[in-house]
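J.: The primary structure of each chain is shown beneath.
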Amino acid sequence: MMLEPLVLRVFRQPQSIKALTLADWDLLIRQARRSNVLSSLYAVLEENDLLDGVPPKPREHLDWSWIGAERHTQVVRWEVRHITQALADLDIPVMLLKGAAYVFAQLPSARGRIFNDIDILVPETSLGPVEASLMLHGWVSMHTDAYDQRYYRTWMHELPPMQHVRRQTVIDVHHAIVPKTAPVHPDSALLLAAARPVEGASNLTVLAPHDMVLHSAVHLFNDGEFDNGLRDLVDLHRLLTHFGKSPDFWPGLTQRADQLQLVRPLFYALRYVGRLLDTPIPDAVMTAAEAGRPARATLVLMDALFARALAPDHASCSDAFTAIAKELLYVRANWLRMPPLLLARHLFHKAFISPWNK
Amino acid sequence: MEGPGICLRTGGFVTHVRSTIQSVMDGVGLLYADYPLVEEDFADFHVSLNRPANLRRWYRPQVMFHFDGKSPFKPLPVEQAFPMFEWGLNWCVASHVYRYLIIHAAVIERGGFAAVLPAPPGSGKSTLCAALVNRGWRLLSDELTLVGIDDGMILPLPRPVSLKNASIGIIKSYVPGAVFSPTVMDTTKGSVAHMKPTEDSVRRVSEKARPGWVIFPRYQADANAELVVLPRSRALMRVAENAFNFSALGTRGFETLARMIDTSLCFDFTYSRLEDAIATFASLAAEARVA
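Going down the list, the sequences are from chains A and B.
According to our numbering, the first sequence is numbered sequentially starting from 1.
According to our numbering, the second sequence is numbered sequentially starting from 359.
Just so you know, the hints here were simulated from the structure itself, not pulled from any lab data.
Please note that a few of the clues may not be correct.
Said to hold, decoys possible - Calculated pairs, DMTMM-like style, for lysine to aspartate or glutamate (alpha carbon to alpha carbon, straight line, at most 25 Å):
(1) Lys57(A) x Asp392(B)
(2) Lys432(B) x Asp227(A)
(3) Lys530(B) x Glu633(B)
(4) Lys57(A) x Asp426(B)
(5) Lys566(B) x Asp63(A)
Keep in mind the model is a prediction, meaning the values are calculated, not measured.
Isolated chain A (complex conformation) (with noise of 0.2 Å):
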């Protein structure tokens, strides 16, 4: 049995930064800005009136995380009105996700996260206009390789990534929230009918708080990247907490998980952050969720794979079998994505033919 990362306790509890000696310290700052969430750190104890109790040093580090912090969000309100301003024209609301999204809605899990590409989901019908206008606007497609534009365009739920020119930032846009090729089929225009506007914005909107949370989970449990897993999970904490708030969020969570076919992952992601950072989640929801309870023989795989890929990527929190547990995931996430036999050509293909074309 692993020992429970530091950085996990802290969010869990933030009050136990009062018993850490100095050498603790020394392991959570480390924890932290590995795991990217060392500005959340911070967020999280001014918000528990905690960070005048922090020693000098760490609390040297944490304020350096937070001046970089401030400063990326600064720099995402300004990407995201030129977006904005090259997709006026097209007269279709523009729906922002992921970070964000968390800014523009103000929500507490905008303060301190931080990320590295803007992602809007459009309808699948628009996509052709909004690629035009971003080009036109200066953005380019990046991966120039046929077969990656074929794979992006085909089966996957975006367009390849664009960047800028100028300004070297990126854009993914979506259509979906989960691939064309996986078995399961959130419908985009559930999502867009459903969405919320965004205050002093008037082209741009965000997923209702289910939305938010599901597509959340989603990303989490089915997308197989763990560089981050640790910021996304308290991503999902912050979201629940403060959604969780407002009596009419929790009764049609689970209900709104089964419309949009995702209750496998929404019961991951309430086992999950229950487990880990003891998010307060009501009985009746974990009932319902259980919905979505996979096998047995499953389960106990999951709660093995998830514990080692959670944990913060760094020496500290790592196991013989951490590296194993990845990329077994990894590769359940490709499996989750596209057919086998489509899974087994695209394998073949980027082992084999896509470093000869490059």
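Starting from the structure of chain A, add chain B where the hints point.
T.: Just chain B now, with coordinates in the frame of chain A:
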């Protein structure tokens, strides 16, 4: 250093270092001899330098620099391990520290005032810096100038001075008693050696300095020493180009830089003979005392 490693306190930062490579251990032992060996529970940076775990451990052996287990750079030939350690320490500070505006410049102090010498590689800044710190000036840093965003004061970060190619020989003859690490050949910058910082600069590491001058040096063969006044607006733009985190600090970065330029005399400086440069700087310091 092999097992639990050692902690080096350099100015405001504590670095925990581990290495199994002899030249790194020797270099630290030689050039950091004047630094207090500290036992710290909290280190700002954790670095290690080791041979890779793969074939390159033995075949044309390499060295890797790790920052808390992750490698931000490609490996280098193992002979370059000590320079890599120095470059790596600079990277640690420049990449993480947001309490200071960090300028790619040498900075030296005399009479309480600091002279900031920003310059692109090859301008002779390090040679000039190495000479000046052995002729009456205190070394604050040869590479990273740290200007406090709160108080505008410059934080000393005295560490070995990096010298390249011809300057190694020049400084060795100019300062006969100076201690040097072994010269490493064939790096991307040519031959590289590091000079031990003066004992005075290490001892006075906690004495911050107020900015007094911003001087852009340029070595030009056979030229006479010449100081040309630089308009402040131009000086600001040129320093900004040389600042690592200027953009990342946003408004704070701009205000810190503006305040520094406002309170400094700014010059372009051309020279060829070191003695001329020493004399020019000495008269700048003398004028400041009078003023």
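J.: State for each hint whether it applies.
T.: So, going through the hints one by one against the coordinates:
1. Lys57(A) x Asp392(B): 24 Å, holds
2. Lys432(B) x Asp227(A): Given that 25 Å is the threshold and the Cα spacing comes to 20 Å, the pair holds.
3. Lys530(B) x Glu633(B): With Cα atoms ~15 Å apart, Lys530(B) and Glu633(B) stay inside 25 Å; holds.
4. Lys57(A) x Asp426(B): 17 Å, holds
5. Lys566(B) x Asp63(A): 21 Å, holds
Hint compliance for this structure: no hint is broken.
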